[in-house]
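Novice: Whole structure, please, built from the sequences with the hints as guidance.
As you go down the protein sequences, you meet chains V and U in turn. So that you can map any letter, position 277 of the first sequence is 277 in our numbering, and since no number is skipped, the others follow by simple counting. So our numbering is basically just the index in the second sequence, starting at one, shifted up by 696.
In short, the hints are calculated from the structure, not lab data. One thing to keep in mind: the hints can contain errors.
No farther apart than 30 Å at their CA atoms in a straight line, the calculated lysine-lysine pairs in the DSBU-like style are these [said to hold, decoys possible]:
hint: 1; chain 1: V; residue 1: Lys132; chain 2: U; residue 2: Lys865
hint: 2; chain 1: V; residue 1: Lys200; chain 2: U; residue 2: Lys865
hint: 3; chain 1: V; residue 1: Lys292; chain 2: V; residue 2: Lys302
hint: 4; chain 1: U; residue 1: Lys882; chain 2: V; residue 2: Lys493
hint: 5; chain 1: V; residue 1: Lys135; chain 2: U; residue 2: Lys882
hint: 6; chain 1: V; residue 1: Lys387; chain 2: V; residue 2: Lys277
hint: 7; chain 1: U; residue 1: Lys865; chain 2: V; residue 2: Lys135
hint: 8; chain 1: V; residue 1: Lys132; chain 2: V; residue 2: Lys163
hint: 9; chain 1: V; residue 1: Lys163; chain 2: U; residue 2: Lys865
hint: 10; chain 1: U; residue 1: Lys917; chain 2: U; residue 2: Lys947
hint: 11; chain 1: U; residue 1: Lys1131; chain 2: V; residue 2: Lys445
Listed here are the chains, written in short residue letters.
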Amino acid sequence: MHGRPRRLAKPVDEEAASAKAAKLRDLQVQVLQNHHSRTYTKEAIGLSFKLLEINPEAYTAWNYRKLAFQHNVKELSDPEAIRSAVDDELRVVEVALRQNPKSYGAWYHRKWLLNQKLTPVDSEREFGLLDKLLKVDARNFHGWNYRRFLARFMGVPDEEELKYTMDKIGDNFSNYSAWHNRSILLSNLLIQQSKGFESKQKVFSEEFELVTQALFTDPSDQSGWFYHLWLLAQTSTPDKPQLIASWPCNGAKLSSSFIKEKVDQNTLSSIWCHSLKERTVPIVLYFNEPVKGLNQSSVKLKSYLEFGKDIHWRALSMTDSGYSNCWATYLQIANECSSSQQYSVEVSILCSEDIVSRSGSNYDSPVHFTFTIELISDSQDIDLFDKPVAWSCSESLQSYGNCEPIPFDLLTITSALIEEESNWHFERLSEQIDLFRELPDDNSKFVKLTLARLLLACAAMKSCGRSLIERKRYCDEALGHLSDLIHLDPSHKQYYEDERSSVLMDKLTCDMETFMKHCSVQVQPNSVPLNHVQLRGLSLTCVGFAERLMWVQVLDLSHNSVRSVEGLEALQQLVSLNISNNQISSFTALEPLTKIMFLKVLDLSFNEIGAHPIDTTRYICSSPFSHKIEACEAFEQCQKKNFNVEEYWDALLFFKSLKLKQLDIEGNAIASKENFRTLVMELIPSLKWFDGECVN
Amino acid sequence: MAEDQAHDYPTIEPTSFDVVICGTGLPESVLAAACAAAGKTVLHIDPNPFYGSLYSSVPLPSLPSFLSPDPSSVPLVPSGDDSHTVVDLHRRNIYSEVEIWGAAPEPRRFTVDMVGPRVLYCRDEAVDLLLRSGGSHHVEFKSVDGGSSLLYWEGQLYPVPDSRQAIFKNTTLNRTEKTFLFKLFKLVMAHIAAADEDGEGEASDKISNEDLDLPFIEYLKKHELPPKMIAGVVYAIAMADYDQNTDCCEKLLTTREGIKTIALYSSSTGRFANAPGAFIYPMYGHGELPQAFCRCAAVKGALYVLRMPVSALLMDEERKTCLGARLTSGQDILCQQLILDPSYKVPILDAPSDGSDSNLLRKVARGICIISKSVKQDSSILLIVFPPKSLEEQQTAAIRVLQLSSNLAVCPPGMFMVYLSTPCADTSTGKQSIKKAIDALFAPQASDSLEGHLEETSKNNEDLKPAVIWSCVYVQEIMEGTASSFLSCPTPDELLDYRSILDSSKKVLHCMLHFLLNVPASKVLPQEIFSCR
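Specialist: Put into structure tokens, the structure is as follows:
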């Protein structure tokens, strides 16, 4: 079934094929006609059978049969007659499956029939069919899907199905479907705490043992590695979602104005919050895994501060079906501020059924934190953008300004905390690392990748104090494997580079001492001090560990190889971003930046925007998946002004949601395009500095 | 008295045939079928009242007399027409050192193979021959699917993994051993696919000629296999006989030869839908095989007479050409070609002695045991290999053991037949090896059943080795087929399959075809005769 080369059709076959096509067309027309005229006679149904016998993919014919079946079965009262009608339909499905065992329509038809529950299901027949089918192709996922359906339908215990997967793996362990079903069944059994499956540790130890037998037998077979990856994920992440970082963090003091006088010599009393000028405070929550269900009842806010009653939590890193690591809400402060006043805000995330992870686990570690907001009525109005922001390349960041010590004590770095049983997890992972180090296949990309993943999982468990040294050691070894992989498996180079980039970020930011070398407070004349992080020239390709950067106001990522800015959306305090001299190739790649409400300065110069053809179909075929309705309005407006929307649709979508004061875009192919500058100025009315020139 | 006997024997009509074949062993039967299929007139006679000669399966009670027949020689028949030179024939006994112990219940229900331990590869030439000749209609096979073979190593039995799945499921190999072993399998499989011209393999996958000429054992060592696995591959999969680790090995297996057997093995698995393993075994015993070929010959017109010994050869005056045979009935049958089974001894003076010096003869020591419990739980049919030196330092050759169960219709339910064999240079070492292997596998032959019973209850029943109920150990001489004025077929050999015996029969057939059809032997393949039936 698998790994067989496709053979070219012989010319003799072509004639037969065209005759077959003519016959099929003829049948199709007749079946459609019957469908439209609702003809459900025996002959008409027979025609649909003839069609499905040749082409089980004719979905309309299946639908027609469903209607016909419902229509005809209504008139039957004799249970024997009903049974034979069901039987006929089942047989049609079997004939179709013989023609194509992977026909979606046929399988669905069978499920539909069973769900009608007209006759008791002949389980022997159903399981017999599956046995036959899985004997021919043990990996046919349609068959496995149907098996899962059938097992649930007939109430077959998961334990028995688990045994079946073991049989199939015993026959041939290159069977993704069997391994996959095993992961599903085990998850169920562990959740239900079925007998013999009370201890997750015991079950997973056995599974590790089983899968390593397959991996060591044939390290070049992928299916086992996939199962191992699942086991690794189960072992290295906590069962329940956890909050790992927030902004503002506990005890933070936010101020709408920069207080010149210091409380004592070394610490700043508060952090200047740019958005307070617009009377908005963002609150950002960062979880260790994507969750959903953050709302007014799952996250409580308590404060004397007056803000809109309607608190809406927004997923920042939007993944599929609404799950996100990072959530934000924006408090609109309604207080009139006559004088300087401090308000504390208490945020409580409760044990809530609402907050759930993808695997369905509830959030159950309540967290409270408090921060203070200082509103100053007569705050000096500082215009940050009086002069264009210049990016310094100087080695020593400390040379800026006088207020050397950064209030980092307010910026606690937290990391995913593994629960109590972490000892078992750590031992299991270390054992696996030792095992794969021994695997005598030096050039297996799977071995190296798995080792890298195992090492990183171990690193993640070492999150504080002295163990950070170990963390870095794990990171270093993982980096070695990732570098090897880039050479060994060039077709997945970019993936490895992104992984490497993330590890580099981890190494740089996991402990204060190292991180401080990249941090400073930037003070410019006539301006407020801004928390500044410089990650320049580190060959980063993407941003990792964004939860550690949530307090950053100025970020320099220039002279890297950044292709994606995913993750930066968590940096709601970001005012100024430099990603010049990177490999950004389209405005769509910058989309996460549109979520940063108060981004004012953006340096995109010397990237690759416009250098590669982009997909214009996304604009041309307007689909609910490609863009939103308000985008269409923007398109219309631009069209009226004679801009080439087809060419600039992604620029349009990007810039219209930003309120930039300063933009640098020179050195990109798109910048030299006709009309582009005009378009940008049209889209960002607030723009003051454009490629170093004052435009407003 | 002589008259009485003569009266017992039927008179054969006609008295002249193209080919007369004496003995119904497998090679003779194959030749009979080939000749009959080629349109020759064939008389096929056997001194015994049953088919199979040295390749037969006999009921257990008849075994002692089969192994040590009455020394009374064939009665001399007064010469009749003396237009020919008459050379008297003698029967020889190729079995020696027979030792039988114990008593089996219902002995009639046990059938003993004289060629055991022996199986057929599904992709074996013997199987092809059966299929082409139609002999497959007369014999039924069962798959030897007890999983993998077992290797005796340091006092324990270990399964020898023979496939990717078997390596995966194996519980005695450690993980890295699994990796190395599968790596080797992959190389060999890629080589086999590439060497097979129709295959999709690539020429670059072939193993270099340099490596192919290397001793197989060296090649395996190059692939970092530990000694236990090397022994498994060499003795239990490539089926090497003699110790490959000594410099002066009698039969040093090259990588090429080793891989040839592995290729046969791997192409055998899955050839037949109802035979999952690589080996098959004929129901009711190996004696069924010669019978199947005899039936093919009979269908094509060969004449069969059992209980008909040959007493002498009829030769021309110079004693160079054989003209026919004198039967014990006294009747002279003329033929163009005479084929004898190896139990006939021909004292032709000017022909070189065909190995009367027994020390130069190849021998095989064989053992047969009856047990009432399988050596390994949950498997009824088993192949076990004792690599050389695994039992004692003096053990120079591998010992192969085959356990058969009642579902092959060779013994009553609940009983198991076990065959052992090892090639040997002299009778005493061979016999000793077989006995050592029996001791290693089975509980000491308990003299007191009561004591044994007590022991059984005190110990865990499953840990106990099966006890031997009945056993027989003997030594058999091995003779190749020869071609002189008449043709002689080979005896059963020391190997596990029929490949070598058929090769040797083929040679005999070539000689004969050359003579009968007057075509160069090289131009006629025996297969062609079978395919144009």
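Novice: Each hint needs a verdict: does it hold in this structure or not?
Specialist: Quick rundown of the hints versus the structure:
1. V/Lys132 to U/Lys865: This hinted pair holds, its Cα atoms lying about 24 Å apart.
2. V/Lys200 to U/Lys865: 24 Å, holds
3. V/Lys292 to V/Lys302: 22 Å, holds
4. U/Lys882 to V/Lys493: 28 Å, holds
5. V/Lys135 to U/Lys882: Holds, because 24 Å separates the two Cα atoms, which is no more than 30 Å.
6. V/Lys387 to V/Lys277: Holds, at about 19 Å.
7. U/Lys865 to V/Lys135: 19 Å, holds
8. V/Lys132 to V/Lys163: 18 Å, holds
9. V/Lys163 to U/Lys865: 15 Å, holds
10. U/Lys917 to U/Lys947: 18 Å, holds
11. U/Lys1131 to V/Lys445: 52 Å, violated
Against the hints set out earlier in the document, a violation occurs for number 11 only.
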